[in-house]
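Trainee: Chains as they are written, first to last, in our numbering: chain X, 51 to 483; chain E, 19 to 161.
Because the hints were derived from the structure by calculation, they are not lab data. In this text, a Cβ means the ideal position worked out from N, Cα and C, and glycines have one as well. Just to be clear, a hint being listed does not mean it is correct.
[Unchecked claim] Residues from chain X shown here face chain E by an in silico Cβ test under 7 Å; the list is partial:
#1 Glu63
#2 Val425
#3 Glu427
#4 Arg428
#5 Phe430
Below are the chains, spelled out letter by letter.
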Amino acid sequence: MIWNKEIETMPREQLEVLQLEGLRSTVKRVYENVPMYKKRFDEAGLGPDSIKTLDDLQKFPFTLKTDLRDNYPFGIFAVPMKDIVRLHASSGTTGKSTVVGYTKNDIDIWAELMARTLSAAGATSDDVVHNAYGYGLFTGGLGVHYGAERVGASVIPVSGGNTKRQITIMQDFGSTILACTPSYALYLAEVAKEMGVKNSELKLKAGVFGAEPWSNSMRKDIEERLGILAIDIYGLSEIIGPGVAYECPEKDGLHIGEDHFIVEVIDPDTGKRLPPGEKGELVFTTITKEATPVIRYRTRDISAINFERCACGRTTARMDRVTGRTDDMLIIRGVNVFPSQIESVLMKIEGTEPHYQLIVDRTGKLDILEVQVEVNERFFSDRVRQLEDFERKVKGEIESVLNISVDVKLVEPKTIQRSEGKAKRVIDRRNLN
Amino acid sequence: MKATQLSVFLENKQGRLADVTRVLAENDINIRALFIADTSDFGILRMIVDKPRKAIDILKENQFTVSETDVVAVELLDKPGSLAKILSVLNDNSLNIEYLYCFLDTERNAAVDIMRIEDASRAIDILQGAGVKLLGGDDLHEL
Ligand SMILES: [Zn+2]
Chain X
51 MIWNKEIETM
61 PREQLEVLQL
71 EGLRSTVKRV
81 YENVPMYKKR
91 FDEAGLGPDS
101 IKTLDDLQKF
111 PFTLKTDLRD
121 NYPFGIFAVP
131 MKDIVRLHAS
141 SGTTGKSTVV
151 GYTKNDIDIW
161 AELMARTLSA
171 AGATSDDVVH
181 NAYGYGLFTG
191 GLGVHYGAER
201 VGASVIPVSG
211 GNTKRQITIM
221 QDFGSTILAC
231 TPSYALYLAE
241 VAKEMGVKNS
251 ELKLKAGVFG
261 AEPWSNSMRK
271 DIEERLGILA
281 IDIYGLSEII
291 GPGVAYECPE
301 KDGLHIGEDH
311 FIVEVIDPDT
321 GKRLPPGEKG
331 ELVFTTITKE
341 ATPVIRYRTR
351 DISAINFERC
361 ACGRTTARMD
371 RVTGRTDDML
381 IIRGVNVFPS
391 QIESVLMKIE
401 GTEPHYQLIV
411 DRTGKLDILE
421 VQVEVNERFF
431 SDRVRQLEDF
441 ERKVKGEIES
451 VLNISVDVKL
461 VEPKTIQRSE
471 GKAKRVIDRR
481 NLN
Chain E
19 MKATQLSVFL
29 ENKQGRLADV
39 TRVLAENDIN
49 IRALFIADTS
59 DFGILRMIVD
69 KPRKAIDILK
79 ENQFTVSETD
89 VVAVELLDKP
99 GSLAKILSVL
109 NDNSLNIEYL
119 YCFLDTERNA
129 AVDIMRIEDA
139 SRAIDILQGA
149 GVKLLGGDDL
159 HEL
């Protein structure tokens, strides 16, 4: 279902007119209202008149997460506090968090974007949206909440945690659309199974999953276990929150809300813009946001962009599913390793539940990558050789994908930390030395 | 005449075997025989218990990975060459033993040999034909 046909299927030339207008006014507003941007633009010899075409954006400097942190809490706000109606903050893994503000109009745009997202997953006013994203400073919970209300669906603001109760609520309230992280969706499926609740006792038909990188094989697993359509959604609080991009049922890339954001993909090392289809770091510029606009914000997320018209009829650009982050990428013996690569291998080998953890350690000068895989009933055997063969198979396939040697270790079920939010996939012990 | 063996996955970490035996003891399950096959990083605990069904449920509840396997149990006569005779009967019939272990059944006052054989049903027929005393679930487990 297409929520906003006019915008989502607009011819690209028309869309680009909107974008140019939005970009011009945004550059002008940040230059006049945010000291950091004024200083940067002046240093680069740029100003509000430097935007003649959309391509001129490439001349502008990037905004980094550290820039937002350095201006903690309200230094990058482009409007006075009296116009701010909401504050959110992203949890800083190191040091201070980054704070973002919203005007009434920003909240309105956000709800519109999330309405597009939920509609693409099939949500209508007849649906019951089970919103298990965390409510609070994190943008996930309230983002989905406002979008679901905009669609006219019934929202259950269940938030994270208390998983058994969530299953009971799903059963009793007849939840039809699930919103949470993909790892929590698998956790819910596992708990439902433990509780003896069958899919036929639930009314779930689709799920919108995001806030962490996941693989296509993990999607298949979620779809099979819960018997639903699993849709990938993308967003980050620095841009607006969830709703920046969303898949349609074609599952061939995530449609970007291009009437509100300009997307670029750059080479993370050189900062040069990459052509469509090439993998690099996603960079977003907001063009309608009032409270905390950002110019060329570097997301650290790895993806590629496709500007072709989608089979669903939408004309907005599509980004590939995020395959990793430039900053949680592991470098092992000079090789770049993304946890998502290992996950895909494990999911492909039949019988492996996606419960794994990567342990990186250093003995002497050599980095060691150990892949811990939880044993489950599907492949456990009373024969030692069968388990050893399984270990060897996992090892062989991972090594052929990564081109480095790894150790594979089978561990007991539930030994790998289960989170009710993001899964902890990597333990890097090298930092402790 | 098949007997049921339970297999439990154990990481090579201190105290895990003790955890299994404690959980079973707390639930009044008696371990008749126990054998561990291990590698450098994991072990498989193989057991014969008096109440296999209940033991499986309890171990699963305590988040162990358990599987059940049909095994062949024979009573060994207390005289030289009795095991050798059984092995040669199996060998003559191309029945391959994947692993075996023995224990003393104090209740029966006899030595019992547990064998994991791929084709357990055929092995049982052949051993019975050769006059070997087999023990079934009724003999080993409380039903
Ligand atoms: Zn589409």
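Trainee: If a hint holds in the structure, say so; if it doesn't, say that too.
Mentor: Tested hints:
{"no.": "1", "hint": "Glu63", "result": "violated (59 Å)"}
{"no.": "2", "hint": "Val425", "result": "holds (5 Å)"}
{"no.": "3", "hint": "Glu427", "result": "holds (6 Å)"}
{"no.": "4", "hint": "Arg428", "result": "violated (10 Å)"}
{"no.": "5", "hint": "Phe430", "result": "holds (5 Å)"}
Of the numbered hints stated above, those contradicted by the structure are hints 1 and 4, listed in ascending order.
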